[in-house]
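Visitor: Spelled out from the first residue to the last, the chains are:
2 protein chains.
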Amino acid sequence: MVELVVVGSVALDNIKTPLGEVSEALGGAAVYSSVAASFLTDVGVVGVIGKDFPNDYVEFLLERGICTKGLCTSNGRTFRWHGHYEGDMNNATTLKTELNAFATFDPELPDEYKKAKYVFLANIDPELQMRVIKQMENPKLIAMDTMNHWIEKDKQKVFDVIEMCDVLLINSDEAKKLLDTHNTIKAGKLLLKMGLKAVVIKKGEHGALLFTKEGVFSAPAFPLDDVKDPTGAGDSFAGGFMGWLAKTDDLSFDNLKRAMICATAVASYNAEGFGVDNLKKISYEDIEGRCEELKELVNF
Amino acid sequence: MVELVVVGSVALDNIKTPLGEVSEALGGAAVYSSVAASFLTDVGVVGVIGKDFPNDYVEFLLERGICTKGLCTSNGRTFRWHGHYEGDMNNATTLKTELNAFATFDPELPDEYKKAKYVFLANIDPELQMRVIKQMENPKLIAMDTMNHWIEKDKQKVFDVIEMCDVLLINSDEAKKLLDTHNTIKAGKLLLKMGLKAVVIKKGEHGALLFTKEGVFSAPAFPLDDVKDPTGAGDSFAGGFMGWLAKTDDLSFDNLKRAMICATAVASYNAEGFGVDNLKKISYEDIEGRCEELKELVNF
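Which chain is which? The protein sequence lines are B and Z, in order.
In this text, residue positions in the first sequence follow this note's numbering: the first is 269, and each later residue adds one.
In this text, residue positions in the second sequence follow this note's numbering: the first is 269, and each later residue adds one.
Just chain B, same shape as in the assembly:
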């Protein structure tokens, strides 16, 4: 039974960082989020692939226990992203985006997904996010991400989706852009006032902040001195966060904090390898272990 529905891009990525490069690697926000969440709960992924999508990649998702009934195969090629990182690797430079099959993506949920309690709308057009929400029968919690592109294109549409959601996971630059402020804390507090149960502001190598009515929680980043490829770190963070909530089915402030820590652990493993490579090598026990290390890291 699908506990968590993840909707977003499925991609073939071409990535270059100071530590190496990969081509036609399995990627996309829905993939990173689903794979991260698959350590914790039963995930159903919704996305579109082209006829050129390697069967090995579908096999990998299935091996991770991810339901792929929501992956539709379109005529034409799979969405491709070409990006590279330099210096501190905090920001990707997009060299090329080929939308391909993704250009006409219209998410349609298999019936068994519609009953899921948890939904994560990764970064896609807010209109598509809205269409997914309308297909859900009685979700307990809907979370969303977004990005600069949609904020610049039509901020109101992003706010319309926020109004339908319980949790917003967003990176700090995007949060500040969305709220027209230079202060991350102010952005978080303003977003919370829009009626969200929780706002999660992702700060990459600086950790993440959780804003709820009960208070603010600061999650540290796991101290990595060997980031190989930050691609998908924010998406695997979201997947770890949602996977934890779906696994525990507890929306208390204390448990949202634990979800932040679990998310941090998964995202840190993700950044230690190219694409999803490193997530192939770890187990749930590794995530638990890193959560313990994170506790030590901030304990005083």
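Because the hints were derived from the structure by calculation, they are not lab data.
In this text the structure is predicted, and so the values were computed from the model without any measurement.
Keep in mind that the hints are not guaranteed to be accurate.
In this list, chains with the same sequence are indistinguishable; a pair is considered to hold if it fits within one copy or across any two.
[What the hints assert, rightly or not] Below 25 Å or equal to it, Euclidean Cα-Cα: the simulated DSS-like pairs (lysine-lysine) are:
| hint | residue 1 | residue 2 |
| --- | --- | --- |
| 1 | Lys454 | Lys284 |
| 2 | Lys319 | Lys525 |
| 3 | Lys444 | Lys284 |
| 4 | Lys284 | Lys445 |
| 5 | Lys383 | Lys319 |
| 6 | Lys525 | Lys471 |
| 7 | Lys408 | Lys421 |
| 8 | Lys454 | Lys549 |
| 9 | Lys515 | Lys382 |
| 10 | Lys471 | Lys563 |
Here the structure of chain B is known, so what remains is to put chain Z in place on it, guided by the hints.
Guide: Just chain Z now, kept in the frame of chain B:
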């Protein structure tokens, strides 16, 4: 009796931020550090002022219990800094620096300072930092800061001082520049290998990291949605850190962590007002209160 000697600049600052401006305000790294530390221990400040230095400012330092015997008055004007902040206020733009009396500063320690157990060498010429070290009789712990200017001018001289110190407090960009790396964690670990007991990397609104042989500690920033003026935040952090160590006289990893938290609390109060204004309004109990809030902020 002076427990902590603080050496560095004493300045008259002209600061403009999106939330206001001040002119000829009391400033300088030695002032911010001393005032912050004065909530915790007996501080003696070493610096130079000009004949134009307002007597009110000396009075204020004395009221805070700071020994000013190490402040020498030079002919000519006091060091002045003109700076402004925009946007996220993470970086100051220096509009003008007038070295004035500071140009010929040659720190000479009063005899009673030479017996102090704790020394903080704020950001000044590494040659001057070295001269201070040589004047100390039997210090228990020497900490230092530095800045881009000295790293660019002569990195080796900075390393020479590091070799004589126990603790380095440095901001993340400077740490990365000093170690020729883009990764803050790597910079911290490499600095630790140089023989320091502890490396503190300050990350402004993102908190601070402590590296010791026993492990890494991540201190959150206090979540402020109303930063008025970040000037001196790093220096008051250092003052709070050193003040705590001098007060407790305990160099264990656990106590270094508590010093980081105390430092964070003081620095956050500092950033809520222009110059040292807000530090005039708080008490030791306020700092304790904020330390408790910081515990809640990261507790899970």
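Visitor: Find the hints from earlier in the document that the structure breaks and name them by number, from lowest to highest.
Guide: Hint check: 2, 5 and 7 fail, others pass.
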